Each structure stands twice: as structure tokens, then as C-alpha cells.
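*Asks:* Sequence:
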Amino acid sequence: ITHILAPEQSAKMGEDAVDESELTLCCAACCANCSTGANCGCSGRIGLCCLNCEVCCKPGAPCLPLGCCGPTCDGEGCANAQVQVCCVVVSAALPPTDEVPAAVTIAGLTLYPKVGCCVPMKEIMDRE
Numbered sequence: 017i018t019h020i021l022a023p024e025q026s027a028k029m030g031e032d033a034v035d036e037s038e039l040t041l042c043c044a045a046c047c048a049n050c051s052t053g054a055n056c057g058c059s060g061r062i063g064l065c066c067l068n069c070e071v072c073c074k075p076g077a078p079c080l081p082l083g084c085c086g087p088t089c090d091g092e093g094c095a096n097a098q099v100q101v102c103c104v105v106v107s108a109a110l111p112p113t114d115e116v117p118a119a120v121t122i123a124g125l126t127l128y129p130k131v132g133c134c135v136p137m138k139e140i141m142d143r144e
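Here the sequence shown is numbered in our numbering, starting from 17 and rising by one per residue.
Please keep in mind that the hints were generated in silico from the structure rather than gathered at the bench. Note that the structure is predicted; figures quoted are calculated from it, not measured. Check each hint, because a few of them may be wrong.
Computed beta-carbon distance windows for the label pairs [unchecked claim]:
(1) Glu-38 <-> Tyr-128: 19 to 25 Å
(2) Gly-86 <-> Met-141: 34 to 40 Å
(3) Cys-89 <-> Leu-110: 14 to 20 Å
(4) Glu-139 <-> Cys-56: 19 to 25 Å
(5) Ala-95 <-> Leu-125: 25 to 31 Å
(6) Asp-114 <-> Cys-85: 34 to 40 Å
(7) Cys-89 <-> Pro-111: 15 to 21 Å
Below 16 Å or equal to it, Euclidean Cα-Cα: the simulated EDC-like pairs (lysine to aspartate or glutamate) are [said to hold, decoys possible]:
(8) Lys-138 <-> Asp-35
(9) Lys-74 <-> Asp-35
(10) Lys-138 <-> Glu-38
Even glycine gets a Cβ: it sits at the ideal position worked out from N, Cα and C.
Construct the entire structure; sequences and hints are all you get.
*Replies:* Listed below in C-alpha cells is the structure:
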């Protein structure tokens, strides 16, 4: 979710409202996952091709084009979605992306691409 953080947060997290590298996987099925993190808030994005619709009600976040929501044209992949409510983040992307990698996790036990319990997203993300 782009363009909705304070400038200092935006520079730190690559202009993304959710820093996936700070999340822990709870469950995942291929290109969709549910994870938890310490940063709470309320935000969302849904996109098709390059067109996205975003909402954000996070404290300290700058306004989107229509206040707390707005369209953007910066999508990645064919389809993507991300919703954050409190400390729970649900993400999906088709095809999988760097921020939504393909994974299989059941009740906190990750089986793919790395085996482990409560695996941090940063350990399975393909970040450069």
C-alpha cells in the first residue's frame, strides 16, 4: 500500500503502509497469506493490473487523493490485495510477488519455501 505513511516511515519501508519484513506468517496457501505484526492500523488495497484502490486510517498517514481513500496507478502483477486490521495482515497476489511470496503455512508451521515455526516473512521474502 503506497503513499500513505509519514515521510520518515515511507523512506524506511519503501513507501509501503505494511512492512512485510516485520510480519510473522500464521497461515499461507500459495499466493495468499495471513500474518501478524507489532504495527497496528487499518489500511487496504485492491488492484487489477496497474490500477489500485486504496484506503488508510492509520494515525499520522498523509491523505490519499480523496481523504482516507483514493485510486492509484502503480499496481504489480495481474491482481493484488492487502488488508490490515489492527495487527493482522491478509495479503494476496497473482502471480506471487516479492512482498507476497508463494508459501505454505498451517497454524504457524511453515512447510514451504522454508520449514519452521512462526517464520518471519523477511526470511522467505525475495528482497534485494
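*Asks:* Would you mind marking each hint as holding or not holding in the structure?
*Replies:* Okay, the hints, checked on the actual structure:
{"no.": "1", "hint": "Glu-38 <-> Tyr-128: 19 to 25 Å", "result": "21 Å, holds"}
{"no.": "2", "hint": "Gly-86 <-> Met-141: 34 to 40 Å", "result": "27 Å, violated"}
{"no.": "3", "hint": "Cys-89 <-> Leu-110: 14 to 20 Å", "result": "19 Å, holds"}
{"no.": "4", "hint": "Glu-139 <-> Cys-56: 19 to 25 Å", "result": "22 Å, holds"}
{"no.": "5", "hint": "Ala-95 <-> Leu-125: 25 to 31 Å", "result": "27 Å, holds"}
{"no.": "6", "hint": "Asp-114 <-> Cys-85: 34 to 40 Å", "result": "25 Å, violated"}
{"no.": "7", "hint": "Cys-89 <-> Pro-111: 15 to 21 Å", "result": "20 Å, holds"}
{"no.": "8", "hint": "Lys-138 <-> Asp-35", "result": "10 Å, holds"}
{"no.": "9", "hint": "Lys-74 <-> Asp-35", "result": "14 Å, holds"}
{"no.": "10", "hint": "Lys-138 <-> Glu-38", "result": "7 Å, holds"}
The structure is inconsistent with the numbered hints 2 and 6, although it conforms to all the rest.
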